[in-house]
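Participant: Listed below, chain by chain, are the residues.
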Amino acid sequence: MLQRLIAIVLGVLGLASIALGVASATAWRAQDTLVATTSAAPASAGTLLVAAPGVLELGGTPVTVTARANGGTKVVLAIGREADVAGWVGTDPSAVIAGLSDLRTLRLEPAAAEPTAEPSPVPSDAPADAAAPADPAADAAAPTPATAAPDPDGSDLWVSQAVGERSAELMWTPQPGRWTLLVAGVGDGAKAPTVVLSWPQTVTTPWLVPGVVVGVVLLALGIALGLRLWLRARRGEQALWHDVETGALPIVRAHQLASTGRGSSASGSAGLDSAGLDSAGLDSAGLDSAGLESTGPGAAAPGSAEVALADDAPTIVLTRRQMREAAATAPTPRVSLRKRAARSAGDDSRPATGSVPVTPVIAVAPATTSGTTTPGTGASSPHTGASSPHTADRVGAVDAAPAGVGVAGVASDGKTGVASAAGPDLQPGDDSTAALDSRPARRFAPSRWLGSRRMAAGSSPTPGTTAQPATAAAQSAPPATSPAVVPPAGPGAVTPWVPGRPAEPPVPDVPAASPHGSRADAWRRSWGIPDGAAAGSASASKAPVPPADPSDVTDPPGHAAPADPRSGKDD
Amino acid sequence: MPARWHDLHPRRVPAQRVSTGRRARAAATVLAAVLVLTSCASGLPQPVPGAVPAVTPAALTVDQADRVRGEIGASLATADAALSAADLTARVSGPALASRTAEYAVSTTTAGAKGLTSLKMDAQTVVLPSTESWPRTQFVVTGQPDDLSSPRLMVFQQADARSQYTLWGWVRLLPGIKMPATAAPTIGSQPLAADAPGLVATPNDVVAHYADVLLNGDASAFITQFAEPDTYRQGIASGREPYAAIASQTSGTFSETYTPVPEQTYVLATADGGALAVSAMTTASTLNFSGASLPLPPELAAVSGGALAPGDALRSNLSVTYSDVVAFYIPPTGATAPVQVLGAEHIRTSVTGS
Numbered sequence: 033m034l035q036r037l038i039a040i041v042l043g044v045l046g047l048a049s050i051a052l053g054v055a056s057a058t059a060w061r062a063q064d065t066l067v068a069t070t071s072a073a074p075a076s077a078g079t080l081l082v083a084a085p086g087v088l089e090l091g092g093t094p095v096t097v098t099a100r101a102n103g104g105t106k107v108v109l110a111i112g113r114e115a116d117v118a119g120w121v122g123t124d125p126s127a128v129i130a131g132l133s134d135l136r137t138l139r140l141e142p143a144a145a146e147p148t149a150e151p152s153p154v155p156s157d158a159p160a161d162a163a164a165p166a167d168p169a170a171d172a173a174a175p176t177p178a179t180a181a182p183d184p185d186g187s188d189l190w191v192s193q194a195v196g197e198r199s200a201e202l203m204w205t206p207q208p209g210r211w212t213l214l215v216a217g218v219g220d221g222a223k224a225p226t227v228v229l230s231w232p233q234t235v236t237t238p239w240l241v242p243g244v245v246v247g248v249v250l251l252a253l254g255i256a257l258g259l260r261l262w263l264r265a266r267r268g269e270q271a272l273w274h275d276v277e278t279g280a281l282p283i284v285r286a287h288q289l290a291s292t293g294r295g296s297s298a299s300g301s302a303g304l305d306s307a308g309l310d311s312a313g314l315d316s317a318g319l320d321s322a323g324l325e326s327t328g329p330g331a332a333a334p335g336s337a338e339v340a341l342a343d344d345a346p347t348i349v350l351t352r353r354q355m356r357e358a359a360a361t362a363p364t365p366r367v368s369l370r371k372r373a374a375r376s377a378g379d380d381s382r383p384a385t386g387s388v389p390v391t392p393v394i395a396v397a398p399a400t401t402s403g404t405t406t407p408g409t410g411a412s413s414p415h416t417g418a419s420s421p422h423t424a425d426r427v428g429a430v431d432a433a434p435a436g437v438g439v440a441g442v443a444s445d446g447k448t449g450v451a452s453a454a455g456p457d458l459q460p461g462d463d464s465t466a467a468l469d470s471r472p473a474r475r476f477a478p479s480r481w482l483g484s485r486r487m488a489a490g491s492s493p494t495p496g497t498t499a500q501p502a503t504a505a506a507q508s509a510p511p512a513t514s515p516a517v518v519p520p521a522g523p524g525a526v527t528p529w530v531p532g533r534p535a536e537p538p539v540p541d542v543p544a545a546s547p548h549g550s551r552a553d554a555w556r557r558s559w560g561i562p563d564g565a566a567a568g569s570a571s572a573s574k575a576p577v578p579p580a581d582p583s584d585v586t587d588p589p590g591h592a593a594p595a596d597p598r599s600g601k602d603d
Numbered sequence: 003m004p005a006r007w008h009d010l011h012p013r014r015v016p017a018q019r020v021s022t023g024r025r026a027r028a029a030a031t032v033l034a035a036v037l038v039l040t041s042c043a044s045g046l047p048q049p050v051p052g053a054v055p056a057v058t059p060a061a062l063t064v065d066q067a068d069r070v071r072g073e074i075g076a077s078l079a080t081a082d083a084a085l086s087a088a089d090l091t092a093r094v095s096g097p098a099l100a101s102r103t104a105e106y107a108v109s110t111t112t113a114g115a116k117g118l119t120s121l122k123m124d125a126q127t128v129v130l131p132s133t134e135s136w137p138r139t140q141f142v143v144t145g146q147p148d149d150l151s152s153p154r155l156m157v158f159q160q161a162d163a164r165s166q167y168t169l170w171g172w173v174r175l176l177p178g179i180k181m182p183a184t185a186a187p188t189i190g191s192q193p194l195a196a197d198a199p200g201l202v203a204t205p206n207d208v209v210a211h212y213a214d215v216l217l218n219g220d221a222s223a224f225i226t227q228f229a230e231p232d233t234y235r236q237g238i239a240s241g242r243e244p245y246a247a248i249a250s251q252t253s254g255t256f257s258e259t260y261t262p263v264p265e266q267t268y269v270l271a272t273a274d275g276g277a278l279a280v281s282a283m284t285t286a287s288t289l290n291f292s293g294a295s296l297p298l299p300p301e302l303a304a305v306s307g308g309a310l311a312p313g314d315a316l317r318s319n320l321s322v323t324y325s326d327v328v329a330f331y332i333p334p335t336g337a338t339a340p341v342q343v344l345g346a347e348h349i350r351t352s353v354t355g356s
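Residue numbers (our numbering), protein chains in the order written: chain D, 33 to 603; chain U, 3 to 356.
Next comes chain D alone, as it looks inside the complex (with noise of 0.2 Å):
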């Protein structure tokens, strides 16, 4: 409730201010011009009027000049200096615009008693009278204005000068000097003008911007405070929760990851929940929970999907213990299965293998990524084999890591998903080469080409060639059927990254699983732990192969992994 009167509070703070400070450059906003009249000029002004020094500069520059005649017929607007001003009025009645009694009201002053008449007569007497004789029309002149109204219109003395019937503009920039305006009101029954001054006034406005600014500022803050507010209620006290879905973990479907996993790496969540499967199904262990993370949900999520089709039975966080009691106690049923469907029929057995490879795109895509990301898959793989009592689980995953090796590189296309299920020979080619395609590793082409040429003698130096060996491995195992392929795939996934690394850690691992009988069994022959233990990277993906049953389809998915890396340096 305080917060909604904060939250007001600041939005009407912000219009005010932005309403103040448009209002401060509208309706406030100063004149733009200064306009001053001269008020009702004494009798004994006569006809003239004289601004003082200064006067025309008071409101800024330049001035504008106007004045209208009450009386007379004619007005004239001249600007002379200070003294000429003075010299040409000379004694006659005048008053003085002295300043300004009000922002709209000139003063007006009755002139000083002929401040400069004195001075002018005394030099001009002499030669006036010299003159005088020569010159008579100058004589004849000035009476003239003394019995009329003395008219200025024309004297040299003037730097500008208007003259209007009944009223008069000028304009004037003021200038260094002292410079003065004469008004004269001419003609019969003049009077003195009425004069009006007006200057252009710089009008600033500096309230707008800053109130405008802050009151943005406080309106977006009262508007942020509110929608935060209104959000928040609208989505009640789960606002800031997320969905959990527990039930993911264990619940993966096998059609969902495969499906998950031929459109694109298996989603997140699902990879989350195959890896949250895969910690707790094969240990608690830092080492897997990290290495699926790490890898992402890719390389766990082929195994949890095995595990899923293994059985569909909701995981519980395990200790290794548990798990490994769950693997004495239900392996055989389930291995023999899966071994069964693998050895029974080959092509039987590859739709499993073929739902499977979806899944190990994820796995490969990491791999592929990261070698040091990748070796932690594999060994994650090996682990999950290891710790899982089912071979299939093992088959499942070491299946999915080399499919996903083949199909990472296929990520994108849909195709790859089938194209393992469909054989491995075919897939080999196609999927090293969308994995050359995907990776950057094509860029390396030609020196990977020589690289997989040397993967293919056994040792992977560039993470294409890597990748590429573990494809092939991958797709080789596929075709081995499950429980034959699982054990290379897992160090063929992982050579190629660090070569020794993958047989190290399965090893380990190897021994917690071997209390479990079978399952360790299965486990050692897939991994080819006794022939391959020191087989290496190449070599040991070739190397289990022969272990695995399916001799046959070993093969070639043996061939099939040096052919690929050819086949790519062909692409």
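It is possible that part of the hints are untrue.
[Said to hold, decoys possible] Simulated coverage check for chain D against chain U, where a stretch passes if three residues somewhere in it have a Cβ under 8 Å from a Cβ of chain U:
(1) 88-97
(2) 130-138
(3) 197-211
(4) 222-229
Since the hints were derived computationally from the structure, they do not count as laboratory data. Glycine residues also receive a C-beta, built at the ideal position from the N, C-alpha and C atoms.
Place chain U on chain D using the hints.
Facilitator: For chain U alone, coordinates are given in the frame of chain D:
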């Protein structure tokens, strides 16, 4: 302003719940406060006159001087076209008016055989007075006239504040002279009185001495005061010879006097502390003769005011009056340079005879 800002907020914000009347009142109060504050803040503008210049500036701006010359030139052009000085009085005065009037008469009488002195108004040099009193005098050195005669030094004068500048006089600059340096027209040259000290001789004295030199020639006591015989002096001397010859032939007499016109000397200081002085003089030539008949030339008859007709035979006397304008450069006190005659004009303005 901050005060206004703070004032407004408390009023403005609650205003939303306040009745319209109260809001209006609040607004009015705010407006009033704003007005008061703004008026208080700015205050009533006070006239701030420009500083009184320490040195009196030139009485005219250059533009004004140009305008003055233009108007005088236009006036002269009109009068020249009509060969009538009737409209010249507003813009021409002094010796210039007299001279021009005579020239018009001569030109009319001689049907243009005797032309007018060319007066161009384009200025080479303008010497403006720095003064705030009257009369005011400015000197202008014009460009060379179309007839290739020497440039003129013109004198413009404003007798008083309500009269206009008039062409008071002009001189033809003598060949080979060099005008002394004068202050820039934007600064103005100080006007000096005709008896101003600080010069090798006061302008009045200089004019008087020069008149004496003209009269007495090398016998003058002041001959040393002036530079070598100037062409004007030579011209005056040579102009006397025909009359002197007539006088000798007819056992008559010839005399010529040179009289400075009082109070018709205008002086402006030069840059070196000297002075430019332009003075009016009157030359009166009187020829008395007997036993002879002198046919009056038309140019003389023209300025007789109609008393004499061209070709009239004079039997006893002839008086000719000239209007002279002479310009001097008077060095400052202590200078070793002599007074220099810069130029002169010598125009016959009246003739009487019988």
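Participant: Within the assertion that chain U covers the region 222-229 of chain D, do at least three residues meet a Cβ-to-Cβ distance smaller than 8 Å?
Facilitator: Violated: only 0 residues of the region 222-229 of chain D have a Cβ under 8 Å from chain U.
Participant: For the region 130-138 of chain D, count the residues whose Cβ lies under 8 Å from any Cβ of chain U; is that count three or more?
Facilitator: holds (count 5)
Participant: At a Cβ distance under 8 Å, does chain U reach at least three residues of the region 88-97 of chain D?
Facilitator: holds (count 3)
Participant: Using a Cβ cutoff of 8 Å, are there at least 3 residues of the region 197-211 of chain D near chain U, or does the coverage claim fail?
Facilitator: Since three or more residues must qualify, the claim that chain U covers the region 197-211 of chain D holds, with 4 doing so at under 8 Å.
The structure fails to meet hint 4 from the earlier list, while all remaining hints are met.
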